[in-house]
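Asker: Chain residues, written in single-letter form:
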Amino acid sequence: MYVGVDYYPEHWERKRWDIDAALMKKAGFNVVRLAEFAWINMEPREQQFEFGWLDEALEILGKNGISAILGTPTAVMPAWVAKKYPETLLLQKDGTRIAWGVRKNNCFSSETYRLLSKKITRAMAEHFSGNPNVIGWQTDNEFGSPSCLCDSCRLEFHAWLEKRYGDIGSLNKAWGNHFWGHLFSDWSEIPIPVDQGVHNPGACLDWKRFNSWLNVRFQKEQLDILRVLCPDHFVTHNFMGLFKDLDYYDLAEDLDFVSWDNYPCWGKPEVRFDASFAADVMRGLKKKNFWIMEQTAGPGGWGAFGRNPHPGEIRNISYQQLAHGADGQIWFRWRTCTAGREQYWHGLLGHDGRPLRRYDEAALTAREYHRLEKEIKDTTVVADVAVIYDYESIWALDIQAGYGGNTFQNAVKRYYNALFRSGTNVDMIRPSDDFSRYKIVIAADLNILEDDVADRLNEFVRKGGILLADCRTGVKDISGLCHARTLPGKLSESLGIEIEEYESIPDDMHFDISGTGGISGSFTSVSYADWVKPLGAKPLAGYRQWHMEKFSAVTRNRYGKGSGWYVGTVVKEEGFYDQLIKNLLDEAGLKQSIIPPAGVEVSIRRGKKKIAFIINHTEEVKTVAVPSGKLELLSGKKTRKKLELGRYGVAVLKL
Amino acid sequence: MYVGVDYYPEHWERKRWDIDAALMKKAGFNVVRLAEFAWINMEPREQQFEFGWLDEALEILGKNGISAILGTPTAVMPAWVAKKYPETLLLQKDGTRIAWGVRKNNCFSSETYRLLSKKITRAMAEHFSGNPNVIGWQTDNEFGSPSCLCDSCRLEFHAWLEKRYGDIGSLNKAWGNHFWGHLFSDWSEIPIPVDQGVHNPGACLDWKRFNSWLNVRFQKEQLDILRVLCPDHFVTHNFMGLFKDLDYYDLAEDLDFVSWDNYPCWGKPEVRFDASFAADVMRGLKKKNFWIMEQTAGPGGWGAFGRNPHPGEIRNISYQQLAHGADGQIWFRWRTCTAGREQYWHGLLGHDGRPLRRYDEAALTAREYHRLEKEIKDTTVVADVAVIYDYESIWALDIQAGYGGNTFQNAVKRYYNALFRSGTNVDMIRPSDDFSRYKIVIAADLNILEDDVADRLNEFVRKGGILLADCRTGVKDISGLCHARTLPGKLSESLGIEIEEYESIPDDMHFDISGTGGISGSFTSVSYADWVKPLGAKPLAGYRQWHMEKFSAVTRNRYGKGSGWYVGTVVKEEGFYDQLIKNLLDEAGLKQSIIPPAGVEVSIRRGKKKIAFIINHTEEVKTVAVPSGKLELLSGKKTRKKLELGRYGVAVLKL
Amino acid sequence: MYVGVDYYPEHWERKRWDIDAALMKKAGFNVVRLAEFAWINMEPREQQFEFGWLDEALEILGKNGISAILGTPTAVMPAWVAKKYPETLLLQKDGTRIAWGVRKNNCFSSETYRLLSKKITRAMAEHFSGNPNVIGWQTDNEFGSPSCLCDSCRLEFHAWLEKRYGDIGSLNKAWGNHFWGHLFSDWSEIPIPVDQGVHNPGACLDWKRFNSWLNVRFQKEQLDILRVLCPDHFVTHNFMGLFKDLDYYDLAEDLDFVSWDNYPCWGKPEVRFDASFAADVMRGLKKKNFWIMEQTAGPGGWGAFGRNPHPGEIRNISYQQLAHGADGQIWFRWRTCTAGREQYWHGLLGHDGRPLRRYDEAALTAREYHRLEKEIKDTTVVADVAVIYDYESIWALDIQAGYGGNTFQNAVKRYYNALFRSGTNVDMIRPSDDFSRYKIVIAADLNILEDDVADRLNEFVRKGGILLADCRTGVKDISGLCHARTLPGKLSESLGIEIEEYESIPDDMHFDISGTGGISGSFTSVSYADWVKPLGAKPLAGYRQWHMEKFSAVTRNRYGKGSGWYVGTVVKEEGFYDQLIKNLLDEAGLKQSIIPPAGVEVSIRRGKKKIAFIINHTEEVKTVAVPSGKLELLSGKKTRKKLELGRYGVAVLKL
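Residue numbers (this note's numbering), protein chains in the order written: chain A, 1 to 655; chain B, 1 to 655; chain C, 1 to 655.
These are computed hints drawn from the structure, not numbers from a lab. No experiment lies behind these values; they were computed from the predicted model shown. Among the hints, erroneous ones may be present.
As the list makes no split between identical chains, a pair holds if one copy fits it or if it spans any two.
Computed list of lysine-lysine pairs in PhoX-like fashion (alpha-carbon distance at most 25 Å, straight line) [as the list claims (entries may be wrong)]:
(1) Lys-622 <-> Lys-550
(2) Lys-93 <-> Lys-104
(3) Lys-118 <-> Lys-377
(4) Lys-83 <-> Lys-244
Construct the complete structure from the given sequences, taking the supplied hints into account.
Answerer: Written out as structure tokens, the structure reads:
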């Protein structure tokens, strides 16, 4: 198993390299990522390449048993690029070019920048393809710059639209340009929809798609070179978990596997729901295990830094990812840089370069991973529950939230976190994926719902599946136009309801809802309320507010061999979702072998074996009921009925 | 009486038009507003006009007994205008032209845009002047764009200033350019005062006046065409109630009557003081009844939508306007559009086009209006109390609030809302209006006070009127220069006080005041305190704070046959203003025939008859004491002593 | 002693000048500041100078015994400059030139503007050098505009950098441009670091230095003229107390003495710690007494004004500055202007020009000052405690705070305010100053610590001094690069500790600390925690949080003949700092002759005599224990054991 650090030999004197490599080796590290910001070091003047320093670093590392992943360095253009080719700098909303000097400064439609990118990629690939210490590549770094608004981008947007729509009439229809008299007669009339809060939502949506595509194309141009010149190397990219501006499914498509950068340690210690959610999203991109390319090593921040991972936390953060499918882990960074905007983004070593507590904890973790390697080989997470994770709906809701505070991710989290608390693993899937592998499919806030997806969801239920949908699902078509159907549109079939009206609930209001069978107790409805009219569905909870007394808030409908559940509001209390998820799991006959207490996570990797990771996210000792007689792989001991986990403690059970 | 909807046939397929017209007819609707955003449909290419589609829509509507108001479509320029004449797009503060694609994108000084506006207006007027189904016009839509900062606007500003001041020396004096060494020697040196928070207040004030004038001139150019070509049609504009950036008196001057767009349903249900306030402002613009051109039909919002009007609320909102003088009401919009930035601005019908609850409630209201028509014909609100509503003071205070949070409207509301609670109707008047018609005149925060107005207010009191002024009244002259007189300046005469010093009260402080005769009880003085020294006036309330013990907070002065009241601070408790207003009304001998309980509004329209509207703004049942034996027009029953109003209920009494 | 007002004869008619001068004389005023915004009056057209009006004003004032300080009027360029030389207007981030019409609108690198500045300065100097009523000059007004981002500034920045670093390699090293691949090969590649939150911290730091230098150079160019032409006049500038953007030590260097503008009266009445702090900073700039060039005369504000100084407060504010070394005091302004953006920045007289309460209070104060003059002549504050006040650290922390909310001034205030409460006078010193004069030196948050300063601090302790350092001291070198040493770096020697790790404490967290000897009681640690490992130092307080139990929060180390104290966290409770400061003072053997009760300030000026100012900052009567038998100079009475001070009261004791 690959475990290591992000390393920047160019930050330190040559004589330190040997010390660093020896310390890495001692820690059990066997991989580094290198060079992703080192364009200027590799091409100090245009077309003059210097790789000697990197050859030397690779050699020293190699001698210590450490392999390397190289980054194509296009996330920071050299200063000479900005000076010689100012058109490569992205154009901002105020009409000025961005000031060079941070990172991610480039325009992605610039022919010049794309050419320079291909040249440095080709030069690196040619030089390093035969180096035995190089095992793979990372494209660029954390794709996802702000959009460039230059004429080149606008013209390329026009071309992209013309390719998508064929004729201007189709675009007018797709964007609904009959509204506000916005009909175009020529592509050249189309502006960049600079303000996503006021421009046409359809235009905004396509602008997001176009920008995502610009990034994917940029990466593809590098990949095309690497695949030819380095056929034995893998290629990955360091994704940013729940980042929303790019369609990560598209960006992942051409890669061998996904990697991502995980920084979950900022505020008060808390259960790391989001890092788990992000890990499942990352695994879902290619439906396979992933790497952590940047793992939390210390306090981070550009101006002010955050909390220092407390004793046990570096290991805890790392194990959570292992439990969700991380097959490689690389800590960012090896040593805290004394210079630049990230001089407070702390590594395993501090500015002083001494191997201290954080180094020790990472080394302990690395050594444990090597011991576990045999057991977890060829395992991954296998889930019976799927949550639809869709960038089209993410974007549609960012453009028009519908109700205040609504985002796709917030909606998903209401259900995801309840599943986490129940100890259930989840797959994140696309709307186009096959639902039949799953017992339960959750479509939360799936704002954009194409007819064929609705048909397939109905079919899934008809054949015995359990579908849970919640409010604002199915409002729009693929163009971002509202369906001219009574909500929930085609899903009325499997959900057995109709929604004639709905309303936002202002922040200073709430409605009371209470169970009417199936759900027990009273809860608080906030933010939004569908006035749900059951057409065959059974009401599970109803509103207590005078004007909605005749409507339902939550329903369940038998349809074919399955059932369709609907939650027409946002409920304040977590307990509501816990109860609901429990009902769904019971109906699906899904039982967890280990039920975690509050603050503890359980995630299971399966292959030939079944390995359960039990992770304490709190600073208290926790006791977990587990099956007896199972081998706990870290201690080598067999379990009794109860397992005790210290602060941030981890256990790995062979079930 | 005209009741109807805002309708967009261009949003829907031709075959739907017949269904829509039939449904409108069934609801009792007899008018629609059309085409105000349809420039591109009427002039798809420059100088090529296409009105056939609108002729057809008008014909279908006409067959169903529905007349039409046409909008001049200049609030959205066609895309071809922006492309061909980019100088028509407004220039923003950052030096870029606004990106076409929302609405209100144009520069109002652009000769080109003004010419295009006249051409489309003329073409429409020529085509539709003889159409029997057309009854009137709306100019543009909701005038009040952000200011354009282009050179054309700057040069026109210079010309406007030259016309206003004649010579540069007069401008220097009016703006007080001796301060900070800002004297000009030539008009061309004058910049646009882009930052209203730091530029010279006099320059800022004139910039506001100039921008208001640009809009008025633009409208006038359309009116000049319509008056000639369509002499039988009325012309109106849809104003925005309490919108502050334009001098609405000027904008209304050339119109037949004022219309406005009323959206009072957003947050938690509450008494609609502001919609009442706005209605009175609208009626005051031309001192006559008005129309509602856009009335709340459902939840509204561009990104997130708001609350759905609860059962009874659509009717309640509409009746409130009827009670204040609305002679026509048009719901915005007929059907919720499935496209564009307003796809969540809901109409009477939803996206699905089905006539449901909201349609039913509007239809019920329409039918009631037709029944009431005979009774309310030739009635309007007739008030004994006037509140001075002045755009000069609104602007002066927006430029320099004086004390934190101070706005002209906030100050007026302190008194307006107390009058509302007392069941008293109010007229909104200009400083130049005749005060002698009224028993009470309120000058709240009338920051800009010209000498002749002060003289006329003194005369009004001398002859028996009651004047109430409050703090920061009379601080400035028409140029925005502070009077070099001890406050309250010329009004000292009728108010009998002098104010040598004053202070803002920071948010974390307050002073206590208590009654010293005339006012009873203790109250909290916040935000601002005049150190009022009575010179003949009787102290009604004084400060309890050590350094102001010798000063008054509230005073009353006998002067001639009348009295001058002064409130030198902002009082936190509503009860203070209720008590004060009661005293004023008692002194004026004004008695209300119906005293509304909290949450209930009473407004009376008078003509030969006297019709009282009693409106419950709450979601509780309310009981109102009313004169016995009066006819309640909706039920057709005679009143007893008590009238019961359901949630959002309305009663209409013939007194 | 010079006491007077800021006066603008150009704001008022000629006939008022005599009245004003007579009123000033009556009040005991003997100095005015004139003309600092009157460029347009003195040079209405380029190279045409008109000084007659000012000659006349000076003559009238002179006849009334009033001398004048003249301002070079370059803080507001005339409108003709902006029109004729638009390149003199500063370029903003959005690429537009600032709109002329406020003040401080110029680019400081503009050759044109510098030339115009020199011309008007020379013309004034030539004209007024012989005027007997002129005693001195103020350069410009409140230096410290926003930075200009024009090409001229960028090129001059390059030249400045080249001069500082010599070769581009040295700059690359100093800025740490190996990070993110930011190495330059040519000066011309260097951008302006427009965003101080994301650009390279070293570049940001040098940009701040460069902008400070631009201002200093601009002032120097005026000084060079004034020194030659007006050798008998003093030259000063009106500084802004705790303003942070310029290195005030540099700006003060060429002046005769420092003046500053003091506006401490805004919100709720409170003890004026900051005005005291600022006064000590001002006195520290040249290590000598200073003037107040603008002293609070009434409510101030551009849009909304603030609180009116309550009775006694104008005098109180003024005495506080006298107590800290003010040798001249000038109230801003004489009369409230009726025009312009500062028409609500109230003077001693209101808009009405009547001499009322505020005038009376200032006059009383002026007369007292004249009586005190003999006693305070040649006295100044002499302190045993020094606080290091360093613009480099201020800037470094503004660029990268380290922990949330951290600023250099906030850190200093924790200690400064405790010293204030103890009645101890403080000197503000530079890191390069001689520490040996002091018994205690406080280095709070001294983020940038050069090796030689650390060495000298260690030496100071070794020889018997008491050093108190707190967290984030010594993190960086002069370039803003982090020292590659374990914290506190070289200071480990005198402090006897080592800090291997540290962390920010999020806003919703805190740690408990409690005394372990030396400090008693429990306190709350917020914002930041060093994990302090004593290496010889004695723990005074430790953390109670599980993961830090083994670390110290506060330590004291015997080193040589002195001691080194360290506070490794931010403590919420003031009492902690009071206790700590008491310990330090006790250890240093420093005893205050008068211990002020809460809300009262004591500051002592020494010369041949020792004059104690006792100032009540509250609106309550305060009793202060004082030595018996001392002369109270204002009342002329001898003290008994207790002295009673009324609201805002002041006593001046000859000790």
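Asker: Which numbered hints turn out to be false for this structure?
Answerer: 3, 4
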